[in-house]
Each structure stands twice: as structure tokens, then as C-alpha cells.
Amino acid sequence: MSREMGRDDFVISARSVFLNKGNRQKFSLLTLLLISIVILSLEYFKSGPVNQIRMITKDIVIKSSYVASVPFKSISKTYSTVIDHFKMYDEYEKLKTVEIKKQKLILENNFFKEENHKLKKLINEKNLYNDEFYVTKVLLDQKSPYLRSLLINKGFKHGIKLGAAVRSDSYFIGKIVDSNYLTSRILLISDLNSKIPIIIEPGSISAILSGTGNNELGEIEYLPENNNIKEGGIIYTSGSDGVISSGIPVGKIIFDNNQIKVDYFVDFTQIDFVKVYYKK
Amino acid sequence: MSIINKTYSKFLAIFPVVILFISVLSNSKYNFTYDENYLSFNISYIIIFFWSLKRPEYFGYGFIFLAGILNDVIQNNPLGISSIEYLSICALTAFVSRRIILQNLIYDWVFFLISILIVGSINYIILVYIFNIPIAYNSLLLGLFATFIIYPILAKILSWIDNILQESIYDKKNQ
Numbered sequence: 001m002s003r004e005m006g007r008d009d010f011v012i013s014a015r016s017v018f019l020n021k022g023n024r025q026k027f028s029l030l031t032l033l034l035i036s037i038v039i040l041s042l043e044y045f046k047s048g049p050v051n052q053i054r055m056i057t058k059d060i061v062i063k064s065s066y067v068a069s070v071p072f073k074s075i076s077k078t079y080s081t082v083i084d085h086f087k088m089y090d091e092y093e094k095l096k097t098v099e100i101k102k103q104k105l106i107l108e109n110n111f112f113k114e115e116n117h118k119l120k121k122l123i124n125e126k127n128l129y130n131d132e133f134y135v136t137k138v139l140l141d142q143k144s145p146y147l148r149s150l151l152i153n154k155g156f157k158h159g160i161k162l163g164a165a166v167r168s169d170s171y172f173i174g175k176i177v178d179s180n181y182l183t184s185r186i187l188l189i190s191d192l193n194s195k196i197p198i199i200i201e202p203g204s205i206s207a208i209l210s211g212t213g214n215n216e217l218g219e220i221e222y223l224p225e226n227n228n229i230k231e232g233g234i235i236y237t238s239g240s241d242g243v244i245s246s247g248i249p250v251g252k253i254i255f256d257n258n259q260i261k262v263d264y265f266v267d268f269t270q271i272d273f274v275k276v277y278y279k280k
Numbered sequence: 001m002s003i004i005n006k007t008y009s010k011f012l013a014i015f016p017v018v019i020l021f022i023s024v025l026s027n028s029k030y031n032f033t034y035d036e037n038y039l040s041f042n043i044s045y046i047i048i049f050f051w052s053l054k055r056p057e058y059f060g061y062g063f064i065f066l067a068g069i070l071n072d073v074i075q076n077n078p079l080g081i082s083s084i085e086y087l088s089i090c091a092l093t094a095f096v097s098r099r100i101i102l103q104n105l106i107y108d109w110v111f112f113l114i115s116i117l118i119v120g121s122i123n124y125i126i127l128v129y130i131f132n133i134p135i136a137y138n139s140l141l142l143g144l145f146a147t148f149i150i151y152p153i154l155a156k157i158l159s160w161i162d163n164i165l166q167e168s169i170y171d172k173k174n175q
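Protein chains in written order, with the working numbering: chain U, 1 to 280; chain G, 1 to 175.
Calculated directly from the structure, the hints in this document are not laboratory data.
Errors might be hidden in some of the hints.
[What the hints assert, rightly or not] Listed next, the in silico DSS-like pairs over lysine-lysine satisfying Cα-Cα at most 30 angstroms (straight line):
1) U/73 with U/137
2) U/63 with U/26
3) U/161 with U/275
4) U/113 with U/63
5) U/102 with U/121
6) U/137 with U/230
7) U/73 with U/275
8) G/6 with U/121
9) G/10 with U/26
10) G/156 with U/275
11) U/161 with U/26
12) U/87 with U/63
13) U/77 with G/156
14) U/261 with U/102
15) U/73 with G/10
16) U/275 with U/118
17) U/118 with U/261
18) U/104 with U/118
19) U/26 with G/6
20) U/26 with G/54
21) U/120 with U/230
Given these sequences and hints, build the entire structure.
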């Protein structure tokens, strides 16, 4: 008898929670939960009017989020500036002691470029990719346990397409995974879901660079068994996916507890502007 | 009552919602790394849990649904998943507030743990099993644990804000 009473109580409470509209509530919980499930199921439609509405919604929300995050950004920027000022003297001392052979490197680079151009001409290789890019502002940098991404201020209105390579300075940082009308999302190479075909030099070893969800080190997968990888080896994009250009530097090899890891060239937390490459 | 007073009263009434929207739109930068694991506090969970438990009349479910949609866009989640999570918290708090008369911080804290574990499980099941999006399980658990740990501190701050709001509303009514 008492068990039945308890069950009745439970049912009455559950009904009241899900169906009753409380004070100032315009919708019941059940209605909104059902709407959420319907919206969630619409994720399976990747084209058509549903997708267009989704893109417009995303554009509006991302722009609003940018405005809302301005005060927080300025606080963190001020903090970084203060820290940078404290570090300035140490960095100046380091720069004084490190011998930078910049001019020599520039001349060497020009020589190799010229040589590469001549060799390409010799084997009649056509340049599949062009160097057309947009320099665009980073609206938001998204950090969460599941996501390493950046939101940028250009969308498919500007010719940006899914899969386009994104660089910070000369280094590869990720690719476009979501393009709205005015904004796009870059999936960083440090993201857990990022898999990029790479080539390791010296040795021209092909492998896959996999993000770990950690901004500092990446992992290398599908390495040949008898590889001869040494610490300090440079990792470039291989371009074998047919989307990302080959030869873009990504990072260098380091050994961390006898495991091969990738130290990225870019500090992902300090990116303000990026170059998004697109095809004409 | 002058227009300024009316606006002020309305602002006070929607202040909890404003805090929720700021926490969602400001990109939730409450993260830090510990031992290569990313700890991410979910402030939105705490705000929704606290106010839907203490003063559900301030928190329209429609606003919570909207906050969930905004969060999904920013986090690049499938649209609707955060709304389900947030509304689930509301359902749990509404259920508990109907059945439990005595409330104190320790009870709330324990119940908050149960709620975020349920909501975390919903999140994991939808992302991994329905959408095949791999997520770092340890980071998810650590994030929930970090959120659980900071609950009492934030609950105290929110209680303090709530007291100020109550006093202001009471003063306005008696004017």
C-alpha cells in the first residue's frame, strides 16, 4: 500500500515537473525538451533550408559572442602585457646571446626556392595549389576538453571552403571544418579529432599527425616499423589528402618519455590573425 | 514609478538570466591544464542548478533553452545537446525541490554531484554513441569533478547576489 503511495507520489511529482508551467514560465519543460530533441535530430540535414537557417543562426551567435567576450579578452590581454613586460629583460638577454644567422638563412632559402622552381620546370610539374589567401581576424578561440578550435571573421561569402588550410605566419595550424556565411571554424591540429597526413624530414617518412586535445604536444600514428626518426626532425604537411598543400611546416620531433611526440611551431593561445588559403 | 525605476526593476528580475548568458557567450574561459589534462569548469551548470533550485521564478525555461543553443554554437556541438543538458538540470532540481523540504549547502552539493553526473552521462551518450564524436573521457570526468569542487564557492557568491536582488526588490515594492 505504502509502495503504491510512493509510486503515485513519484508519478505526480514527475508530471508536475514536466507538464506544469510554473510562475512566469511560458513553456513546459517537456515542450522544450521535445523541441531540443527535434533540433538535435535536424543535425542530420547537412544541406537545404535547414542548413541555411543553422548557418545564419551560427553567424549571429558567433558575432554576439565576440562582442560579449571583448571585456574578458581585454582583461586577459592586460594580464599578458604585464607578464610580457616582466619577461622582457630576460628575453633581451637571450636574444643578445643567441647568434641569429637570419641573413644567411634568407639567402639559403632564396637559393632553394630558385632551385626548386627550376627542378619543377624540368619535370613539367604543374602547381596544383595557389597562394591565394585571406588574412583574417580570430573572433574567438575555443578551448574545452573536447575542442580546440578558432572562429574567424570570414565565411563562404569570401570563398572559404571546407578543408581549406590555415596558417599562422608560415606554419600550418589547422583546417576549416565549418563554414557559415560570414564566419568559419578552424579545427586546430591539436584537437583530439584532427588527423593530418604528414611527412617527416630527413627521411621523407609518411605518417599521420594526430591531435591529443593538448595544446603542447601532438602524436604520430601509422609510422613504419623500421623508422629512423631522430629528435629535431621537421614535420611538414604531405598534401596526400589532396586538400592541404604539401610542404607546410607543422612542428618538430621530440622524445617525451621515449615516445615520439610533435612540438608544434605555433603557440595556439597567442594567435590573433591567421591566413586562410583558398582556391580560385 | 518612473521609467528608470521600472527598467531597474526589470533588470533585477532578469539579472540571473543575464549572468547565465554572459557565462555562455563569454566563451567560458574557465580552463586550466593539470598534468596534461584539461580542466574545464562548467559555470553554466552551477548557475542553472543554483537558481532553478532556489528561485525558479527568475529562470524562464525558454531562456535556458536559448542559452543551450548559444552554447552549442560556440562549442561546435550538435545544436540542441546543451539545451537538453540544461533542461535536464532544471527537471532534476524541480523534482527535488518538490520532494525535499529542508535545504542546505551540503545536501545541495551532493545533489549537484548527482545532477552533473547524470547530465555528463547524457552528454557522453549523445556525443559518442549517436553522433560518433570522440571525446576525452578523463577530461570530461575531471571537468565535472572540478565543477563539483567549486560549487560551494560559487553558490556562496550567487547567494550573496541573490540576497542583494531580494533586498532591492523588497525596497522597490515598499517605495
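Taking the hints in turn, this is what the structure says about them:
1. U/73 with U/137: At roughly 14 angstroms apart (the allowed maximum being 30 angstroms), residue 137 of chain U and residue 73 of chain U satisfy the hint.
2. U/63 with U/26: holds (28 angstroms)
3. U/161 with U/275: Holds - the C-alpha atoms of residue 275 of chain U and residue 161 of chain U are around 13 angstroms apart, at most 30 angstroms.
4. U/113 with U/63: violated (41 angstroms)
5. U/102 with U/121: holds (29 angstroms)
6. U/137 with U/230: violated (36 angstroms)
7. U/73 with U/275: holds (21 angstroms)
8. G/6 with U/121: Roughly 76 angstroms between the alpha carbons, so the hint for residue 6 of chain G and residue 121 of chain U is violated.
9. G/10 with U/26: holds (17 angstroms)
10. G/156 with U/275: Judged against 30 angstroms, a Cα distance of about 45 angstroms means the pair is violated.
11. U/161 with U/26: violated (41 angstroms)
12. U/87 with U/63: violated (34 angstroms)
13. U/77 with G/156: Between residue 77 of chain U and residue 156 of chain G the Cα gap is close to 29 angstroms, so the pair holds against 30 angstroms.
14. U/261 with U/102: Status holds; Cα separation ~28 angstroms.
15. U/73 with G/10: This hinted pair holds, its Cα atoms lying about 29 angstroms apart.
16. U/275 with U/118: holds (27 angstroms)
17. U/118 with U/261: violated (35 angstroms)
18. U/104 with U/118: Holds - the C-alpha atoms of residue 118 of chain U and residue 104 of chain U are around 21 angstroms apart, at most 30 angstroms.
19. U/26 with G/6: holds (22 angstroms)
20. U/26 with G/54: holds (19 angstroms)
21. U/120 with U/230: Between residue 120 of chain U and residue 230 of chain U the Cα gap is close to 29 angstroms, so the pair holds against 30 angstroms.
The structure does not agree with the numbered hints 4, 6, 8, 10, 11, 12 and 17 stated previously, though it agrees with the rest.
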